[in-house]
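Put together the whole structure using the sequences plus the hints.
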Amino acid sequence: MISVEMLLNGKDIAGVNCFLICNILLGKCFVYSNGLMDHVYVCEDGKSKAWYKKPGHFRGMLDAFVKIIKLEGIKSLWSGLPPTLIMAVPSTVIYFTSYDQLREVLISKLGKDSDYIPVLAGSISRLGSLTVVSPLELIRTKMQSRQLSYKQLRICINNTLAKDGWLSLWRGWGPTALRDVPFSAMYWYHYECIKKRLCKTFDVHEPTFLISFTSGAAAGSIAATVTLPFDVVKTHKQTEIWEYETLNLSQKKSTSTWTVMKTIVAEHGFTGLFAGIVPRLIKVAPACAIMISTYEFGKSFFLENEIGMEYDHF
1 MISVEMLLNG KDIAGVNCFL ICNILLGKCF VYSNGLMDHV YVCEDGKSKA WYKKPGHFRG
61 MLDAFVKIIK LEGIKSLWSG LPPTLIMAVP STVIYFTSYD QLREVLISKL GKDSDYIPVL
121 AGSISRLGSL TVVSPLELIR TKMQSRQLSY KQLRICINNT LAKDGWLSLW RGWGPTALRD
181 VPFSAMYWYH YECIKKRLCK TFDVHEPTFL ISFTSGAAAG SIAATVTLPF DVVKTHKQTE
241 IWEYETLNLS QKKSTSTWTV MKTIVAEHGF TGLFAGIVPR LIKVAPACAI MISTYEFGKS
301 FFLENEIGME YDHF
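Residue numbers are given in the UniProt record's numbering: position 17 of the sequence shown equals residue 17, and the series is strictly consecutive.
What you were told as hints is all true, and nothing was included just to trick you.
Derived CB-CB ranges, DEER-like:
hint, residue 1, residue 2, range
1, Thr208, Leu71, 41 to 51 Å
2, Leu71, Leu110, 51 to 61 Å
3, Thr225, Thr201, 17 to 27 Å
4, Thr97, Gly269, 35 to 45 Å
5, Asp115, Thr271, 24 to 34 Å
Derived from the structure by calculation, the hints contain no laboratory data. Just so we're clear, the structure is a prediction, and the values are computed from it rather than from any experiment. The beta carbon of each residue, even a glycine, is placed where N, CA and C say it ideally should be.
Here it is as structure tokens:
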């Protein structure tokens, strides 16, 4: 999980630096997603920033990579990684562990050939992980939107809790669940189906690293495409909340997911619900492929070692 975030975080930094040069968006908030986690940023006046005063403009992602490394050093590509790991690590640990445990329980009840097993196990495990980790969203977004010390962060969180109560820690839970739970259900269903078919095609009992990688990429692409409208809605609501908080404006009455969808369709047409499909697939497909293949490889590795130790013991 940490290795995946480190690989993708450089892409985040380049994308953010490209985005911040747009003066028309000063004072606004935006969400940048790497396929695994969402990052909330505030568009600031670049003239006050040291990096803005350095020569050159970014003409694209590759150009941004080259210039950032040249001017700020390669380590700058991983700036902002700690706030991302605050949520990514515990969320992934809970998610994958819960899925495996639930899958074993459901197999004992329904049989290993039931198509409902990956759907149920994936949905429940994702719902549980996002519910448990959701309060960390407040910490992560505060750390990413402002340069706060840990003492200032604690004061900021205490003020938020005093003003909005404990339930504010789960703000945005609904749209997140509407996106992530269906995504997980479809992802695990297609992953298990594709994995079984590839194992049968290549006549192997256990999936190889390449089979897991291919299955994860294909399943992630399918799930990402179908659930993209909910991701667009979540991004819309999240940026709106942080715009009002950053600019100290009175927040509008919260709107439902369905209302936001209708607004997007009215303003941008049906295709507005699928805005950003290509960048999302570029991020989600490799992220899902890397995570599931390394996870499956890790399970096989430790299982073989455990069996070997038991054999040596006897």
